[in-house]
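Novice: Each protein sequence line maps, in turn, to chains G and D.
If you read the first sequence in my numbering, its first letter stands for residue 21, the second for the next number, and so on.
If you read the second sequence in my numbering, its first letter stands for residue 21, the second for the next number, and so on.
One or more hints might be untrue.
[Claimed, not checked] Restraint-style ranges between C-beta atoms, simulated for each label pair:
1) D:Q57 - G:R231: 25 to 35 Å
2) D:G159 - G:H155: 20 to 30 Å
3) G:R112 - D:V264: 51 to 61 Å
4) D:R104 - G:H155: 21 to 31 Å
5) G:S211 - D:F124: 16 to 26 Å
6) G:E197 - D:R104: 28 to 38 Å
7) D:G60 - G:R231: 32 to 42 Å
8) G:H155 - D:A79: 14 to 24 Å
9) D:D200 - G:H93: 19 to 29 Å
10) G:H155 - D:E242: 49 to 59 Å
[Said to hold, decoys possible] Here are a few chain G residues that sit away from chain D, every Cβ distance over 10 Å (derived from the structure):
11) W30
12) R96
13) V158
[Claimed, not checked] Each computed EDC-like pair below joins lysine to aspartate or glutamate, with the alpha-carbon atoms no more than 16 Å apart:
14) D:K148 - G:E145
15) D:K239 - D:E145
16) G:K148 - D:E145
17) D:K88 - D:D106
18) G:K148 - G:E92
19) D:K239 - D:E163
What the hints contain is simulated information worked out from the structure, not anything from laboratory work.
Ideal placement from N, C-alpha and C gives every residue a C-beta, glycine not left out.
One-letter residues, chain by chain:
Number of protein chains: 2
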Amino acid sequence: MTRWKLILEWDGAPFMGWQRQDHGPSVQASVERAAFQMTGETVTAHAAGRTDAGVHALAMAVHIDLAKDVTEHRLREGLNALLRPDPVAVLRVERVADDWHARFSCIGRRYLYRIANRRAPLTLEAGKAWRIGPHLDVGAMREGASYLVGRHDFTTFRSVHCQSDSPVKTLDVLSVEREDEEIHIRAEARSFLHHQVRSMTGCLAMVGLGRWEPEDMRKALEAKDRAALGLNAPPDGLYFVEAVYP
Amino acid sequence: MTRWKLILEWDGAPFMGWQRQDHGPSVQASVERAAFQMTGETVTAHAAGRTDAGVHALAMAVHIDLAKDVTEHRLREGLNALLRPDPVAVLRVERVADDWHARFSCIGRRYLYRIANRRAPLTLEAGKAWRIGPHLDVGAMREGASYLVGRHDFTTFRSVHCQSDSPVKTLDVLSVEREDEEIHIRAEARSFLHHQVRSMTGCLAMVGLGRWEPEDMRKALEAKDRAALGLNAPPDGLYFVEAVYP
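Here chain G stands alone, though its shape is the one from the complex (with noise of 0.2 Å):
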């Protein structure tokens, strides 16, 4: 048995996301129906994240088990091969430890949220940011993120569907930087709770919207209060970027 690391990019579109689920397409059904075609096996696929529908990868770390004797170009290629039609690639394969786990040995996961700022609709990049009209003020996001950043107790920003056993986590990085019409918020820490980095970009969006004050932000972390959610962002804009390893 060889375990293997795969570095996935998907476009999360057409997917109900990562977790396998009987009531539609998701990343993990993709992954294991190609890796079955190709070797007759029946794996379970794990990821360092589970992304929620809608949500894009660039590059998440992805593990699965397999018997059969294959090479790493084998394998990239045939799993991309059967893949398809699914937005779903195989960017790198890598033989791992039997012990490595995808999930549980990852130790930071850093995300990319895109915002259109711009009035008219988008044609191109339809689905892969979250568009907003009116002009964001980029200084005054920067300021409200930075109440973010550190060890807090995120209830405020945690969906009421979330698992984890604790709200408390230590955000890392939350920066924001406009590029010409383009606002890019990323996110790093160890581990995300679920909605978290949605929650946080929705409230940072009526921060740069000017309906709330950066100290909001403050406030609204302080409450540990889910109703003190701003805004949850679509997930369109939502991007796992990568996952570290020791």
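Got chain G sorted already, so can you dock chain D onto it with the hints?
Specialist: Chain D alone, transformed into the frame defined by chain G:
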């Protein structure tokens, strides 16, 4: 009657190209339909460049004449609402002089061609770039490109359907840059022949793959013969970037 300059962005995938066609959707027909729905006026939309099926536009200049008196804001928002769900967006509108013409006043056209130089199939960028698996030698491509810059007879790089009076054009810029896995080819000229950018790109890919020497670009140019063309690149990676006016 007011002449309006419209700056349009579109995803070329669902269209037969800019020009109105009997046998399928076109960007021109979408724009003319939206203008009719908004004003009741039958207009003809003129574009700086008539792009092919599948070719995208980041900022195409177009003009239409309208008798109806509207504000810039109302025209842009109205057209954008009526263009949905077609992936065409009006980025900006501007009143121009009656003798200003999107096509005939244009003194420069800029195109971008995106190559995704990677083994894995495209997911998020599917239809938005030309994927080439083997590593491309950008230095060799740049050298090959240098032979095409200047005033030449571009017959080799011209579609048999090209309606231009002369195959002689002046190519001002043909640059090749790598950004990680992406290769960006930028072409700039007063005007281009039909399929010229895709034909030049296809041959540059041959050079990048090592199937052609850089000097083979010069030989292909000097042959002045369509049969000397190495390869015509697919439309997916081509973007009309900008139309330049005095």
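Novice: Which numbered conditions among the earlier hints are violated in the structure presented, ordered from lowest to highest?
Specialist: Numbers 2, 3, 5, 11, 12, 15, 17, 18, in rising order.
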